[in-house]
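Residue numbers (our numbering), protein chains in the order written: chain A, 1 to 624; chain B, 625 to 947.
Treat the hints as calculated values from the structure; they're not laboratory data.
The structure presented is a predicted model; accordingly, all values stated were derived computationally and were not measured.
Glycine is no exception: its CB is placed at the ideal position from the N, C-alpha and C atoms.
One or more hints might be untrue.
To be verified - Reference listing, derived: stretches of chain A covered by chain B, where coverage requires no fewer than 3 residues with Cβ under 8 Å from a Cβ of chain B:
(1) 172-183
(2) 345-359
(3) 483-491
(4) 503-513
Stated by the list, open to error - Taking CB as the label site, the calculated pair distances span:
(5) H771(B) to L247(A): 44 to 50 Å
(6) G503(A) to H771(B): 43 to 49 Å
(7) A932(B) to R274(A): 51 to 57 Å
(8) N225(A) to Q698(B): 54 to 60 Å
(9) N702(B) to A254(A): 35 to 41 Å
(10) H771(B) to N225(A): 47 to 53 Å
(11) L247(A) to D764(B): 53 to 59 Å
(12) R746(B) to L541(A): 51 to 57 Å
(13) D764(B) to V139(A): 48 to 54 Å
(14) S454(A) to A653(B): 31 to 37 Å
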Amino acid sequence: MAFLRALRTAPSAMLAIAVLLLLLVIAVLAPVLLGHTANQFDFRAISAPPSLAHPLGTDRLGRDLLARLLVATRLSIGMGLLAEALAYLIGVPVGALTALVGPRWRPIPMRVIDTMIAFPGLLVTIYLITILGPRLGLVGLAVGLAVPEAFRAARIVSTLALSIAGRDYLAAARVVGVGWPRLVLRYLIPNMAETMVTSFSVGVSFMIVAFSGLSFLGIGVQPPNFDWGRLLSEGVDSFYETPAAALGPAAFIAVAALAFAYAGEAVAHAANPRVWTAAPPERANGRPGPSEPPHRLPARGGAPDPTLLVEDLHVRIGDAEIVSGVSFSIGPGEMVGLVGESGSGKTMTALAIARLLPAGAAVEGEVSLLGRRLAAMPPKPLARFLGTELAFVFQDPMSSFNPALTMGRQLTEGARRHRHLDLRAAAEAAVARLSEVNVPAPRRILRQYPHELSGGMRQRAMIAMGLMNSPKLLICDEPTTALDVTIQAQIMDLLARVNREHGAAVLLISHNLALVRQSCSRVLVMYAGRIVEDLASERLLSDALHPYTRSLLAAVPDLERPRGAPLTAIPGQPPDPIARPPGCPFHPRCPLAQDRCRRELPPLVAHPGGQRVACWMAEVEAVR
Amino acid sequence: MSILEARGLTVRYGAGARALTAVEDVDLALQRGRTLGLVGESGCGKSTVARALVGLVPIVAGRVTLDGADCTSQAARNSARYRRRVQMVFQDPFSSLNPRMSVGTLLDEALQARGGEFRSRRRRMAESAHLLELVGLPSDALSRYPHQFSGGQRQRIAIGRALAVGADVLILDEVTSALDVSVQATVLNLLQDLQRHLSLSYLFISHDLSVVRLMSDEVLVMYLGRVVEHADTEDLFTRPCHPYTVALLKSIPSLRGRREPAPLSGDPPDPRHPPAGCRFHTRCPVGPLARPERTRCLELHPRLAPEAGHHQVACHFAEASPR
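Please model the complete structure; the sequences and the hints are all you need to start from.
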């Protein structure tokens, strides 16, 4: 079974499960086989040290310690399981009920649960045990342990159920007509199971420790019954004579607790189809090794002193090469578009330029801003240089502002830090920038928090923040994707004006070909981590040569396109970055692919038509 | 006669001072084998229309009929009979499929809901295989799980599931918004093929006018919960009448034309407190902002009135402006 296969691939999980099974076997068999031995007094061997007959020695009444330890397994683990099961028996319905009652009544059970969780659980347990213990014995103990735990379980269940109830697939199932019992059985429970199983097993492990602790203190199991905690407390008394008497139970408690915690987590994890159906990573059998052309080509930019020069940039995250040898330049005041579909590496390219890549990403290649090689600069001057000369506008203006600080704090931070302005001067500068980007009532905005602004307003504020230090390069990563079209048009107006009036070069990253074509003077098209075409945007529609660029153009549902004509779809999918095909990465989807395309990677070369193209068939295309 | 029809559809969330009337007095009618497009920006109520039509949210006023039979009550729109006819495909294919169910189970479950001959397991197996073929997925997809598919393939699974129930009316809510352009094209082409072969009726909801233009026979434009314009697609795109529609069309970047300056300034108002009179007057380029004498827009809510032929516009000063 796939599930077992997934388990087998994790050795630590297998070990935990094996230990757990062994403990369960001991719990079942030991009282049957060794029950007599464990209670047999041997007055000739009182407090004897370990020997062949008694591997762990004997206690003060001459009973064999190993036998007692093994026999105690049943009570210790059994009580742990019983207490946790009781807790879930109470907690799951309470939690489910909390999730089921409408939003109006929900706060009542929620607050009760919160209060109970905040109350020290051990006190509740001791209190309950004192009342119930004498009458109910072991069951009373279990109840005492279970009650505080039940509220923890209830909290987990209600939180999980509420989060799943909001998911689209539940709404989709309701529309299809799936009935309530099935919704609970096949939708709610499986999606809650991973967390529930983990929290149950961790709970059992906690219960075993807690129960042993109570017995150790003498308020748990009462003689003649014994569990690990009791054995431990007896063993501690004679620690200097027979240390094994204390170390044995301690080790069992620790091992059992760890086994339950690990095994539960492993089983829950492996039960997730995402895990056990994940394909083992396959490597492409032929890397484009020797045929890889030298990428140290001069990156065409036009101007002799480009604002930004990127040469042979590579970005690797783990096994995946996200960006594979990207070279381009942007001249002063130029507005360049970088287009590509999701996974093409366009955002990673931008983050690499701005040195914002996540930890763990490996970067190679050269990035120079205003003629200075970033890799050669020491960290402090580099941070200052980037902080003043480069600004980054993110896609989601909500998540790119700190929700806990006012707009004023965030807008003025860069100026205060890099230009050492005082708060008042920085605030004046911020007001000036905000009015420049058409923000009405800029002084009020400075006192507001990000969530109080609309999406368009936040994006304007983000651009204003970028302009605070008059940067020479503005990188905008999908700046309008989260916005409505009428607002998008306003933001694009604004970017065009910033580009014109401040002379700042702009790198506009977008999946929207039409947007880039209309706003930028040049378009870079990315596919599978590489730039495949670089041409002037007014020539995009008429003269694009790369088959990918042309297919993309044909797939855009433009307003000018005749209505009856079906869209051209690109068959297949972009390649997985850990298993790119040999040769040209587009060849499996390319209508023009030849043998050469399957073997050799085409370099990005200047074409007589005035653009750079990475395609072996570009010449043929140009003639067509 | 239209298959699915709504008259005066009104949906309200919450109550009292925090109430939000997401959809107000919307009329729409789906014809057999045809597509009605529904466009508007975020918060205009288009997704609420979808959710109301499939019974996920209750209706506070108006009337819904399926083949002439009244289905206004929440119970009627949640009945098995209604669901076997009217299905919905959601925007995000990564969240609309239960990650714990294989594709086979997802389809089988929907077929079970259909009952009748599909009580037989063998019949359901055969139909599942047929559905996969219909939506263009390989037959080995049955044993796989949603996360093993790309976004476009997942959307095909969702479409297959809606068809498994036996529906002939599909509410398509932003079904390609989460997809890349190249993938969007394959899903749109699939929807058009299916419509031709199975004479399905679509309510095609999108914020993207160019996609709506491609898919729809007629189009409704919504703004802040109300329909502002309704026309045959060709008519709407060549001769838009409502200033909002005109602005929307001007805002779309185009592969061919030049970039035009943003036609509208300001943000849409808070839908909890919509402006009095015409809801668009706070941003309207031909309204009282630009022409102070047009006070009618401030006071009087314009009703949807016939302009010419099928064309209906809700504007006091509508005039066709050729694009």
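The hints, checked one at a time:
1. For the stretch 172-183 of chain A, the stated coverage by chain B is satisfied: 8 residues place a CB nearer than 8 Å to a CB of that chain, which reaches the threshold of 3.
2. Counting residues of the stretch 345-359 of chain A whose CB lies closer than 8 Å to any CB of chain B gives 0, which falls below the minimum of 3, so the coverage claim is violated.
3. Requiring three or more residues with a Cβ within less than 8 Å of a Cβ of chain B, the coverage given for the stretch 483-491 of chain A holds, as 7 such residues are present.
4. Counting residues of the stretch 503-513 of chain A whose C-beta sits closer than 8 Å to any C-beta of chain B gives 3, which meets the bar of three, so the coverage hint holds.
5. A C-beta distance of roughly 47 Å is found between H771(B) and L247(A), which places it inside the suggested range of 44 to 50 Å.
6. Checked against the given bound of 43 to 49 Å, the beta carbons of G503(A) and H771(B), roughly 47 Å apart, stay inside it.
7. About 55 Å separates the C-beta atoms of A932(B) and R274(A), a value consistent with the hinted range of 51 to 57 Å.
8. For N225(A) paired with Q698(B), a C-beta distance near 59 Å keeps the hint of 54 to 60 Å intact.
9. For N702(B) and A254(A), the hinted distance range of 35 to 41 Å is not satisfied, since their beta carbons lie about 54 Å from each other.
10. At roughly 50 Å, the beta-carbon separation of H771(B) and N225(A) lies within the given 47 to 53 Å, and the hint holds.
11. Checking the proposed 53 to 59 Å range against L247(A) and D764(B) shows it holds: the Cβ atoms sit about 56 Å from each other.
12. Remark: the range hint 51 to 57 Å for R746(B) to L541(A) is upheld by a beta-carbon distance near 53 Å.
13. Here the CB-CB span from D764(B) to V139(A) is close to 53 Å, well matched to the stated 48 to 54 Å.
14. Checked against the hint of 31 to 37 Å, the C-beta distance between S454(A) and A653(B) comes to roughly 34 Å, which is consistent with it.
In summary, the structure is inconsistent with hints 2, 9 from the numbered list given earlier, while agreeing with the others.
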